[in-house]
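A.B. asks: Turn these sequences into a full structure, and let the hints guide you.
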Amino acid sequence: MRIKSALFWLATVVIVLVFIAPLVWIFLTGIKSRPDLLHVGLDKLFIFSPTLWNYQYLFQWTLFTHEFANTAIVAVASTALAMAVALPAAYSFARFNTGSGHLLFVTISTRMFPGIVAAIPFFFAFSKLGLMDTHLGLTLLIFYFNMSFATFLLFGFFREIPEELEHAAMIDGYGRIEILRRIIFPLIGPGAAVTAVFCLVWSWNEFLYSVLFTKIVARTVSVGLAALWGSIEIEWGPMSAGATLAILPTLIAAWFMQRYIIRGLTFGAVKG
Amino acid sequence: MTTGTGEARKKTFWQVLTSEKYYRWLLISPLLLTLLVFMFYPLFHSLYFSTQIYVPGRANVFTGWENYRYVLHDAEFWSALGHNLLIIVVCITIELVLGLAIALLWYREFKGQNVVRALCLLPLLVSPLVLSMVWDFILRWDLGVVNQILSAARLPQFQWLAPGVAIYSIALITSWQWLPFSIFVLFAGMRAMPRDAFEAAKVDGASAWYTFRRLTLPMLMPLVLIIILLRTMWLIRLFDPLYATTRGGSGTQTLDILVWRTSFMYFDMGVGSTMAIISLFLTIILCAILFRYLMKAMGAVK
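Going line by line, the protein sequences match chains A and B.
Per our numbering, the first sequence starts with residue 155, numbered consecutively.
Per our numbering, the second sequence starts with residue 72, numbered consecutively.
A few of these clues could be false.
Straight-line Cα separation of at most 25 Å, DSS-like style, residue types lysine-lysine; simulated pairs [stated by the list, open to error]:
1. A:LYS158 <-> B:LYS92
2. B:LYS82 <-> B:LYS92
3. A:LYS158 <-> B:LYS82
4. A:LYS282 <-> A:LYS158
Non-contacting residues of chain A with respect to chain B, defined by C-beta distances greater than 12 Å in every case (computed) [claimed, not checked]:
5. ILE180
6. THR205
7. PHE213
8. THR216
9. ALA322
Since the hints were derived computationally from the structure, they do not count as laboratory data.
All C-beta atoms in this analysis are idealised placements derived from N, C-alpha and C, irrespective of residue type, glycine included.
C.D. replies: Right under this line is the structure:
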């Protein structure tokens, strides 16, 4: 039994290390000086004198603060928009089986389409409408990117609310608005919160549309970091420092979502 | 309310909207509007462009099927599709096998299980782009940690992103990021399984392997299916990990990277649109099949 337990913990520790090592590596690289991080050999892997130089570089010589603010603005705006569209639609799909599954399929299929397919036409439309490199333009694209998935997630959550509750309320003379306010909203609350956090995380991490449709004004963190990577001399230090800061918000979200995340990801098929 | 007279039958606008017949459409109208703008406009625009020769700054020239013929005879297009399929098979195999093993390992209650699980969830939530950039650094030939550890252990260093190898490295990176998804879905499925069947098997003296093969696996099947379907959908659009490592070089070009290169680097929007339409067509077929299985699987679980 003892040996079995030791093996179990050995395996567990190895697995956890494999998962978090690259994340720890980002953090460590972010506080290494340039000679240390370009050092060949293992002696400077963990033992080095930490420096904040990379962070200084990031804030002084790049647009990081500006990009961080852009990412936050676009993430919040697109999430709000996605929820506004997805909530009533998901309710309609779940309660009335609107379009008998076909419409739901069309909605979901938008998320399965190659994002690049939509990019070409939007490239033309945005150039004409003056939406290139604007917050509004990027918000709309990311909203579209999140909307269908949010609808599907919420569809799963709405299905868990028993229909009988609404029937009973209707017999008691509740109107549509009252049913929504007194029965649906309180019950969908946690599911809606999880969906919103998913949307926030996805918009935060979005890259494809951001790199195609923003240049300076609405440039997001991932594009900025990719630019550090793509320059002639790769700026590993500042890039890792920026990555550390960019990851932080999603980590906070992860902590809150831990319990619900799997239920969300399996569309309510599993009650995790 | 008295019925019969025309006056009384006339409902207010609000009543009509919230009636049994129209309420569902009222609720769904923002979604329909969104689909109209964001889905059908790009679709028709791409269809139109796929029949044109596009040169920046000049008028388009109609070519009919020429672009389609070009793309379907383009070796690059087919190799990109092949890469997509290879990545899908490699990733899903790794994720299912390891995911199942780890879920079985952590099935029982143990001290600190919440911390362990929270830590393993992390890769899933971090930007794929950022993670891929980090992996690119880790796997670098000269400075990468992996090769330095290898040389410290007196083992030969390895070209992780060399042609022929790079595609597997990228599949590994992606699997690493998405393995937690499989682990957690399968884990949740195991927790939800009825206990009595397993107790009965125990009483009957069934071996652990027999129980796993005859009880655990069949009960997990719908979830395995969900994982396969969702991962296929996401992997067919793989873009970020490639952008941050090889940018489609070293024999790793996938469909989305190819369309991106054609349209936004060579600015050949006509051929790019054609590729997009064909890849869209393939995806729709796949999606339709997958969606049916998914709905069936969900019904079975529920």
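A.B. asks: Work down the list of hints and note, for each, if the structure agrees.
C.D. replies: Consistency of the hints with the structure:
For the hint pairing A:LYS158 with B:LYS92, the CA-to-CA distance comes to about 63 Å; that exceeds 25 Å, so the pair is violated. Distance restraint check for B:LYS82 and B:LYS92: the Cα-Cα separation of roughly 14 Å lies within the 25 Å cut-off, and the hinted pair is therefore satisfied. With a CA separation close to 74 Å, the supplied pair A:LYS158 and B:LYS82 exceeds the 25 Å bound. With a C-alpha separation of about 66 Å, the suggested pair A:LYS282 and A:LYS158 falls outside the 25 Å cut-off, and the hint is violated.
Chain B draws A:ILE180 into its interface by the beta-carbon criterion, the shortest separation being 5 Å against a cut-off of 12 Å. Listed as a non-interface residue, A:THR205 keeps its Cβ farther than 12 Å from every Cβ of chain B; the least gap is roughly 18 Å. Here A:PHE213 stays apart from chain B, with its beta-carbon at least about 18 Å from theirs, past the 12 Å limit. A:THR216, annotated as away from the interface, keeps every beta carbon of chain B farther than 12 Å; the closest lies near 15 Å.
For A:ALA322, the condition that its CB be more than 12 Å from all CB atoms of chain B holds, with the nearest at approximately 17 Å.
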